[in-house]
Amino acid sequence: MGQQYLDTGWIGIAITLLVIAFVLINIARAKGGKELFIRRIGGLNAIDEAVGRATELGKPVFMVPGLSDSINAKSMQAINIFAYVSRVASRFSNPIMVCCYNASILAVAQEVIRDVYQQEGAVEKYDPDSVRFISDRQFAFAASTSGLILREQAAAVFLLGEFYAESLILAETANSIGAIQVASSTELTQTPFFIAACDYVLIGDEFYAASAYLTRQPVLVGSLVGQDWGKLLLMGLVAAGILANTVQLTPAADVRSTYKEEKLDEARPLQREETAFSHLLTPYRDKIVEDFKKTVIRDKDPNAAKKESK
Amino acid sequence: MFPVAQAAAPLPTTFWADANGSATLWIKIAITLALGFALIFALLVAPVAARRPIVTGITFLAGLFYVLKWLYPEPIARKGGDGQLPRNAAEGFSFWLSDAQSVVTPVSNVIVALLIGLGLANLLKIHLTRLLKAQKDWGYSLVLLVCMVTFVIFGYWDWITRQGPAGAAMQASRETWGFPQYANDLLFDGLLQNMEAAMFSVVAFYILSAAYRAFRARSVEASILLVTALIVMVSLLGVVTLVDDQTIGRFLVLGPGAQAIAVLAILGMAGGTLLFFRSAGNRTLAAASGVGVLVALVAFILVFRGVALPGLPSDPPVPPGSFANNFRITEIAAWIQKNLQTPAIRGIDFGVGVGLLAMGLRLWLSLEKTGGNV
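Going down the list, the sequences are from chains A and B.
First residue of the first sequence? That's 118 in the numbering used here, and the numbers climb one at a time after it.
First residue of the second sequence? That's 41 in the numbering used here, and the numbers climb one at a time after it.
If you are wondering where the hints come from, they were derived from the structure by calculation, not from laboratory data.
Check the hints yourself; a few may be wrong.
Below, a sample of chain A positions facing chain B; criterion: calculated Cβ distance under 8 Å [stated by the list, open to error]:
| # | residue |
| --- | --- |
| 1 | 144 |
| 2 | 190 |
| 3 | 194 |
| 4 | 246 |
| 5 | 249 |
| 6 | 286 |
| 7 | 305 |
| 8 | 314 |
| 9 | 336 |
| 10 | 351 |
Bear in mind the structure is a predicted one, so any value in this text is a computation, not a measurement.
Here a beta-carbon is modelled for each residue, glycine too, at the ideal position from N, C-alpha and C.
Take these sequences, add in the hints, and give me the full structure.
Below is the structure:
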């Protein structure tokens, strides 16, 4: 395309496309009837237990699909899990409550939960007010949802999706009334709070594995196995990266400190002393290394610049 | 620097860049609105089976735009709006993608804005019903509705009076403020923000209670968590850093007697703390373990501060390059964070990234049945 296009390197795009291929291949395999294995996930086994306990106590099941600013993949995943929870709850005629931070999430959640009740032949048990919009202000939402959990004396609380500083307010409130809690935050900074305060926590990609684990739909199971293949690929790359960095001669930190964006237009000749893997990961490295070496020589030898000009 | 064709006067470079207020722009807006309403109407009247392909198609097109935006090479140093023209079709497509982003992205904002009404309607329905039927906790609903109406009235009143040149003056000085500005300021800055700050500050107390539960040594994993968390937390204390930087690295250069006392003191503190948490209401045991921890702490400080105890030689200073410096608590904490915490978080990040990618792919290609069948 010419020099004026920003070349961001092809390795990232290649890995992404490879992971996408893994997912699609495994979806095809699963649809073709292939039995694919999924390991046991403790937090997800606890869902039935939590709903069962709520039924025994005759108290509602609370669900919060995170504080996403609008409907996105994270909130959709949370709603998918809540669809399963609602399905189990509808079978036991257990009351539910979904607290939404955002109106777009409310619209989707209402639709999905109503569909679930319809599929279970229990439309009359569906209460439209059970899926409700609370507030789109973070701490107003936290205060209101905590109040609802306390007043309604929830027996089971599911906190799944994007959570920030309010995570602990919600989790500790539920803990204070002895509710069984299953939680997961896509924000890693909040996961430790959930681990400290909740009974079961889905960490990292377990959250995305949940719908496959619970529903065993071929598309979801295939996608999950594809993700695992992708993770294996990344693990291999990490191992290769460790090796490449271990045998690398030039200190990477020093090279990075000489990185100059205006140099990107220039040609990037291959340097023989550089390892192939290092070149793949940092396409600009060779030019930078060359500049770096020159700078070091110039700094150490005041006459180097004169010698270069001669 | 870059060879590009320059036009004499600014020209619309793509479909999206029409002059503000021009007839073409208005026609495009009208056509888009008509298409939007037609689409909504089509979705309403279409049989359920026919809706899916429509929704699938729109989802695919919307996703395709961002996929292309990410994958297609992007021109650098392109100055938008100065009449710069693409050199060929490939570059033209890149320009089109770049210009279209400012139009495509707000589409989701428009849809979300429409949905705010839905949220408002949901709130009103629930709370008005509760209020009118005097159901349980109707008082809370009354407070909510009164607050909602008050905030809307004063928010808009303030906004309307700030339109035009008066707004700039109000921004510059409070002397020109009227009743709506003061009322709005009281409601939003005086009440709402402070209440939110108060709610946020509650988190500090919750952290304490959650940490207490998490750090109980109930299992091997919890004990490891307890020890590592204590090291990291203690390393952040100013007083510990002060003591540590001066003395803790001295352990390896201490005399054997002082080393023995230091080890006993550390074991005493750890054992005393465990006993304290496991005393389970036994006050004598709790008091004894508390006193034990204190005694061990005093012995530890005496040894490490280099106080010459009777019969023991005082410890020599640590040379700056000594291996013993690795045993400073700040060094240990930094090692834990760099070599244990960061790789673990990276690993989780990889998993989350791949999961999100697969989820996004399923949604984009409409492979997933929302809700799922069991």
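Evaluation of the provided hints:
1. 144: holds (7 Å)
2. 190: holds (4 Å)
3. 194: It holds, given that the least Cβ distance between residue 194 of chain A and chain B is near 6 Å, below 8 Å.
4. 246: Interface hint status for residue 246 of chain A: holds (5 Å vs cutoff 8 Å).
5. 249: With Cβ-Cβ at 6 Å, under 8 Å, it holds.
6. 286: holds (6 Å)
7. 305: It holds, given that the least Cβ distance between residue 305 of chain A and chain B is near 6 Å, below 8 Å.
8. 314: holds (4 Å)
9. 336: This interface hint holds because 5 Å falls under the 8 Å limit.
10. 351: holds (5 Å)
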